[in-house]
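Chemist: Chains as they are written, first to last, in the working numbering: chain H, 1 to 137; chain Z, 1 to 137; chain B, 1 to 137; chain U, 1 to 137; chain L, 1 to 137; chain D, 1 to 137.
Careful, some of the hints might be misleading.
Calculated lysine-lysine pairs in the BS3-like style (CA-CA distance at most 30 Å, straight line) [claimed, not checked]: (1) K123/H x K64/B; (2) K50/D x K137/L; (3) K137/U x K137/H; (4) K71/H x K123/U; (5) K68/D x K64/U; (6) K71/Z x K137/B; (7) K123/U x K123/H; (8) K123/U x K137/H; (9) K123/Z x K91/L; (10) K137/Z x K114/L; (11) K68/L x K123/Z; (12) K50/D x K65/U; (13) K77/H x K114/L; (14) K91/Z x K114/Z; (15) K137/L x K77/D.
In short, the hints are calculated from the structure, not lab data. What you are looking at is a predicted structure, and each value in this text was computed from that prediction instead of being measured.
Protein chains: 6
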Amino acid sequence: MIYLTRRERFSAAHRLFQPGLSDIENLEFYGSCANPNWHGHNYVLWVTVKGEINRENGYLVDLKKVSKILKDRVVDKLDHKNINLEVDFMKDMIVSTENLAVGIWNQIEPGLRKLGIELHSVKLQETENNIVEYFGK
Amino acid sequence: MIYLTRRERFSAAHRLFQPGLSDIENLEFYGSCANPNWHGHNYVLWVTVKGEINRENGYLVDLKKVSKILKDRVVDKLDHKNINLEVDFMKDMIVSTENLAVGIWNQIEPGLRKLGIELHSVKLQETENNIVEYFGK
Amino acid sequence: MIYLTRRERFSAAHRLFQPGLSDIENLEFYGSCANPNWHGHNYVLWVTVKGEINRENGYLVDLKKVSKILKDRVVDKLDHKNINLEVDFMKDMIVSTENLAVGIWNQIEPGLRKLGIELHSVKLQETENNIVEYFGK
Amino acid sequence: MIYLTRRERFSAAHRLFQPGLSDIENLEFYGSCANPNWHGHNYVLWVTVKGEINRENGYLVDLKKVSKILKDRVVDKLDHKNINLEVDFMKDMIVSTENLAVGIWNQIEPGLRKLGIELHSVKLQETENNIVEYFGK
Amino acid sequence: MIYLTRRERFSAAHRLFQPGLSDIENLEFYGSCANPNWHGHNYVLWVTVKGEINRENGYLVDLKKVSKILKDRVVDKLDHKNINLEVDFMKDMIVSTENLAVGIWNQIEPGLRKLGIELHSVKLQETENNIVEYFGK
Amino acid sequence: MIYLTRRERFSAAHRLFQPGLSDIENLEFYGSCANPNWHGHNYVLWVTVKGEINRENGYLVDLKKVSKILKDRVVDKLDHKNINLEVDFMKDMIVSTENLAVGIWNQIEPGLRKLGIELHSVKLQETENNIVEYFGK
């Protein structure tokens, strides 16, 4: 069993808020992350897949195929976007790093499985001090 | 003459657009940076000041005083904000990294001068691949 | 189950020595790390907690509460200190990175548990080439 | 149980190809990684070992002994070398990052075991976007 | 006057040798960098251009145009290549980092000038410990 | 004219204090940096030299010769040391990053000049947020 990690990046705007709360209540709970005018981040994403090395070609998987899934299903949907307003798979979700990592997992897991590999983890860095990791369960 | 650099960080939303152009024209010129729904970045800022070392205390300047100016005049105004909508010193400016670096210079130069040191450069990283530096002239 | 990591930093002095050995014996065993005049490091700390995402607010936990525990129980006690002489929870311990990681775990585990989350790991970097990680057992 | 990680680096040339395929077939499968004229990387290696902290000296293991094994068995064999042509333990192997991580594991596992510690993982970064990790099974 | 820097990366093989010297003499002079079987690096390139900010659009220059020049004239020619054997602009040159930085300058300077901006510096990192910078004179 | 930079690292203890002030006065002026029990850092040093490329060998200078000067005159004297107590060239100096950068300049400038190259700058990072650079005048 070998683990292969691909790093990707995207820059996006978001805000944290609960629809049932007022702006003031959201600011009280989420602090400046609830700013109604939005803020943003350079997110860094590490996706780790696992499986057996193919003895014939030395690969777990052709990394270009992994990259294409990440590009089509994640990076192109998130990069230079407003995550709350424009990202289909985060619709009606609170755009916390936690929920975003889970959302990214759900976006890419089926495609990676079709490649014959298993998704191991989605790691998402919001700032250099804050990182979330999700293992699918 | 010694050069002293302080690194600070802020996360903010912005978009690039010229008020005289339509959304479509702005998207044609600025690409996804013109997204009307905003996007954002983790900006990294390096401010370099210069002057003579004080022989009595070994400092060019007490770095805490520099940090306070950066915090009051730059980081607190930009962090978790929408630069186009909420930052006084960028009002009516195109929020390019170039203009933002110049804006930051103008914000901090008078205060640093009062500390008896000279502002040498403002370096601003928008993404790990894009950096702007301004030397005040 | 989601994993959330917070990075913190502190700069401290220390030395490695066994009280039952002479300075020369300690230098033989620990090399320059046993220097009786001390040396120091910029330590980087990553603390990972885990638990279920709160569906109402999208958080595993309010990261500010985690940060406050890390600040009160770890960073304020260690930053700009001599770990051997001044840090209560390392008293009579050999200040190896291994022991320091375990000590930090013990400092923060009860407080994090009170927040309703589980401490997963304490990762401590002494230099860019040396890292220790502790999982509590 | 404590985990201790040592980082090492080496710069080497390699190419990906299957001996049973023509150059054109290899280029089709591996892309530019199959360039018959070679290319190269600055590899970064993190080796993690685990075991109990020695209560007498505070160490899991004397890191200098780990470093010596890594130097003798891995870095000196790979650094400034052509991995395909000159590295004994990669002979007749496809020099993918996956196979190289496994090869490094096999090189160092016996020596680390003799030190009374257990090898936990070999992590190998080929570029800042591509990382492989192997846990020995 | 504003300075704008673009970071690019390429992975390549090379060796250092003087055609008038024997392999042994080259190994004596250049050490393992003269290995006749090649070695390689992940090079990191920072290209800095300078000029006046365009008041109408807030840009020094459209960074995509700079990137295209770097891609066409540098990265596509060097990435996953053997610099000694395959790179036209390094033909008959000793492939030191110094010469490579000058070669890259000459490759991109005319195109950048046509964009109405001035090339300020080419900075090239061979390993995390070795960097060369060239200012064109 | 080409610029060549070598990165080195050392870990050391120090404190900031003026001998004419009491411990309390020093703590008032320098804050926790004046801790009489010392603290420490992982310093990162970048030394930049400049000159003409030697057309015969492609080098500005053999970097191994630069490294040897840095090792003998700087790193071996500072690494795992108490800078206030044990470093000859900082005797009776306030161990600020400013003074340390100047001290390092004076240590290495004559040796580098004998190599036929010119010392351009000494850049010294105390923490990831604080950097000093000295150009010799």
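Chemist: Please go over all the hints and tell whether each is borne out by the structure.
Modeler: Do the hints match the structure? See the list:
no.	hint	result
1	K123/H x K64/B	20 Å, holds
2	K50/D x K137/L	12 Å, holds
3	K137/U x K137/H	22 Å, holds
4	K71/H x K123/U	24 Å, holds
5	K68/D x K64/U	22 Å, holds
6	K71/Z x K137/B	42 Å, violated
7	K123/U x K123/H	16 Å, holds
8	K123/U x K137/H	24 Å, holds
9	K123/Z x K91/L	36 Å, violated
10	K137/Z x K114/L	23 Å, holds
11	K68/L x K123/Z	24 Å, holds
12	K50/D x K65/U	39 Å, violated
13	K77/H x K114/L	35 Å, violated
14	K91/Z x K114/Z	25 Å, holds
15	K137/L x K77/D	36 Å, violated
Going down the numbered hints, you'll see the structure goes against 6, 9, 12, 13 and 15, while the others check out.
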